[in-house]
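A.B. asks: If you want the building blocks of each chain, they are given just below.
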Amino acid sequence: MKLSRITILALAVTIAAGAASAREQIRIVGSSTVFPFSTAVAEQFGKTTDFATPVVESTGSGGGIKLFCAGVGTAHPDIANSSRRMKAKEFAMCQDNGVTEIVESLIGYDGIVIANANSGPTFALTLEQIVIALAANGPMPSTWDQVDPSLPAIAIEVLGPPPSSGTRDAFEELVMHKGCKLTDLVECEGVSIREDGVFVEAGENDNLIVSKLEANPNALGIFGFSFLDQNSDVIKGTSIDGVEPTFENIVGGEYEIARSLYFYIKVAHIGVIPGIAEYAAEFSSEAAAGEEGYLTDKGLIPLFEDELAQNTDRVKGLKLMTGDEWN
Amino acid sequence: MISMTELSKIHNSPESAARLKKRRAAEWRLKAYGIMAITLAGAALVTLMWSVVGKAAGAFTESYITLPVYLAADEIDPDGTGERAIIGRANFGGVTKDALKDAFPFVKSRGDKRAMYDIISGGAAFELRELTMADPAIIGQTIDFRFLASDIADLYLKGSYGDLVEQNAGGTLTVQSDGKTAVVTSSTTDFAFVMARVKSDLLAKAAFNRDQAALQENGRAVFTQRGDLDEAAKREAARDRLLGVAEELEARAALDGGREALDKNSPSVLVRMGETWVKLTEVSATGGEGKIIGVLDSGVRAAGDWQVYLQDLPEASRKVSDLQIVLIENLRSAGAVETVFSKRFFMAGDSREPELAGIWGAAVGSFWTMLVTILLAFPIGVMAAIYLEEFAKKNWVNTFIEVNINNLAAVPSIVYGLLGLAIFLGFFGVPRSAPLAGGIVLAVMTLPTIIIASRAAMAAVPPSIRDAALGIGASKLQTALHHVLPLSMPGILTGTIIGMARALGETAPLIMIGMVAFIVDVPTGVMDSATVLPVQIYRWSDFPERAFEARTSAAILVLLVFLIFMNGLAVFLRKRFERRW
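One line per chain: the protein sequences are A and B, in this order.
My numbering applies: residue 1 is where the first sequence begins, and numbers increase by one.
My numbering applies: residue 1 is where the second sequence begins, and numbers increase by one.
Worth flagging that the hints you see were computed from the coordinates, not collected in a lab.
Just so it is clear, CB atoms sit at the ideal spot from N, CA and C, and this is done for glycine as well.
Any given hint could turn out to be false.
Claimed, not checked - To spell it out: a stretch of chain B is covered by chain A in this simulated footprint if at least three of its residues, at any positions, have a beta carbon under 8 Å from a beta carbon of chain A; those stretches are: (1) 98 to 109; (2) 188 to 199; (3) 307 to 321; (4) 529 to 542.
What the hints assert, rightly or not - With a Cα cut of at most 27 Å, we get these calculated BS3-like pairs of lysine-lysine: (5) A:K47 <-> B:K101; (6) B:K101 <-> B:K158; (7) B:K343 <-> B:K158; (8) B:K264 <-> A:K47; (9) B:K101 <-> B:K264; (10) B:K113 <-> A:K181; (11) B:K180 <-> B:K264; (12) B:K55 <-> B:K158; (13) B:K108 <-> B:K21; (14) B:K264 <-> B:K205; (15) B:K22 <-> B:K9; (16) A:K212 <-> A:K47; (17) A:K47 <-> B:K22; (18) B:K476 <-> B:K394; (19) B:K97 <-> B:K205; (20) B:K97 <-> B:K234; (21) B:K264 <-> B:K234; (22) A:K212 <-> B:K9; (23) A:K47 <-> B:K97; (24) B:K97 <-> B:K113; (25) B:K234 <-> A:K178; (26) A:K212 <-> B:K158; (27) B:K264 <-> B:K199; (28) A:K89 <-> A:K319.
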């Protein structure tokens, strides 16, 4: 009893001491898609500089920006990763909470691929066909040959991320909203993914989708390019509008289902938390995000050269967001 | 009253025999269901363990590549100061690359060099740096250093990307080399197996094209029926094109002899002559043409001086390239490759590179978190139980509290995370991601379990003990603390340990308070940012790199060992100290 009283006392002292001391590490929150890249940079940064290794949290894009915009001070994160651009509404929330100075930085692109098991049929789809197959307000076909008679006569089954995922947002924007304009069968107004069991929400974990595809060769899966890249011995990508989802095609822009990845820097924390500017510079450097940078080994699709140069200028010069980005 | 004869009639009649049979059958069925249920559960457990253990095996070993490395004084410590800080700033990544360049001087192109550097882990340079900093005397010397192999090299060595299989080759090989490419011709049909393989691939491709053509034909028929002749014509053209391709492929496959090209999507064929290899890009039954990896002059090789290998998995379908395989195989033949038990997995913190990642950081984080949990949950839980069991009056307030405690035990754990975020982080300002925050949240989650178990244990102490204590003049407090509590301790500890085991395996409430994070440094206290074992498993399972799969399973095993140990301890305490009245 006495012992535990001492321990509790000791604990209380530690708490008080800890709470008083300032934070040494950069805190990063946000997208689970950017997480593999952000952590790689954080580790490299911790190893090669004298700064502490940043702590990176995987909270999802929306959750991360919410934390980021909650205020200025060491209790709040310094950098937010996002697999989509910050929304005007979120920017306004930031302003309201005193986070007025934000620098936006591009990271690169992430391809979204549709793939199935090597043992299954090879699909070649068009945006139009995907929308007809998956739209809730379309003809809701049950087999692929109902979508187009030249597709195999097997049941439509697509495994994909749940609505909470940024990959899902991007898929809806880049495929559903674009594809609906190409067909008369689906109204663009309120187009969404059907919920009658044909589209199966398989969770946020892309590795899980890959192993489910292996077990079910007729099913298609939707996930990030890096998972296709790492598992190309068991799954194959579906060509969209005749373009195969390969690294070269996504980099070159021929494969169109790719989204930009961003991170946001809280300028008010620079100088308070050591290393923020240096970390941002590392993330946007040629050695990390360039065409032959170490992030491309992790599956990042790099920016075009002029984009990268522009972005580096923006980060180095700390060009603030003005609020006109959405006009 | 029933007479004895009637009674024996009941038991001896044919109806009774039928009844008895039915009852026995029911009993037999119940037993069978029970055995089936146990078998099913057992099979599920065995399958789970089998898959986890099978996958985990790869994580417990790691590969090293030993290369001579020259630690040039003018690059590392030009002034010969021997100071740690100066040596630490030297470019050891460059030194590592130079070691590889010296080992394989024939690797020239930029892309090939990048592939070559990729067989050694990015962490190896930091280990070389540490070694040099610890012992500056080695600067200026050439030492044999064990470089940690990268994840792809390690996976290749463990057979994850298929095996390089040697084929029978009995002819004499004539080599015509121009330095970069070589034409190799065997005196016998040593490459017939490749041709057979290529031809079966051609036929498969042709069959695939015919299938696609059949689908286009479906389209043509449907659109003709619908009267959409434009679309029908398009499909017809596509069909004819596909059929044309199929026929051409079939013609190529039927041709005797001939040459076929090998590309990234066909199996790799490698001809080995000592340290030099030729990767074939074109093949016939007796030989072929290919790219030289190494240094090769024209000449003749006797049977036995050369081998031919087939790697079944096409280069496009694996992360390890043919060049990397050749380099690794050369190193393996030279005895420079070893695969040893990986202490690193147990001793290292997290990393984004699978070969460098370990569970120590998460294990220590789990320790701090559990420490906070037990220090809070155990005393509070036991004190609450003593009050409720020994002192509280039976009135509606206490009944209400009791019911709510039982309800809390069944609340989904994520709710506790939300509570922690709102109250402990938001109101009390406990730092995010700290074991203190996690420990408090898990303590709140574990409390109901401990209270319920402790109350049950105290309720099992017979009233005679209390009566005897009170009878000799002990106060109520003395009765509770001196008699009831010690006697119920085994039950209380069992409940606590089981509650702790549940808390140890929890991730959901920790998401909210920021413990699902990438943290490289091992936490040194309850205020440092930390993560815990189950979170580590959850995060590793989400990384794309193949090598994390083994690490995920291995971390699951470690967590299971902890849980089994804790539950075993609970069983031991119960068996050892339990009293029966």
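A.B. asks: Hints broken by the structure, by number, lowest first?
C.D. replies: 1, 2, 8, 10, 13, 16, 17, 19, 20, 21 and 22
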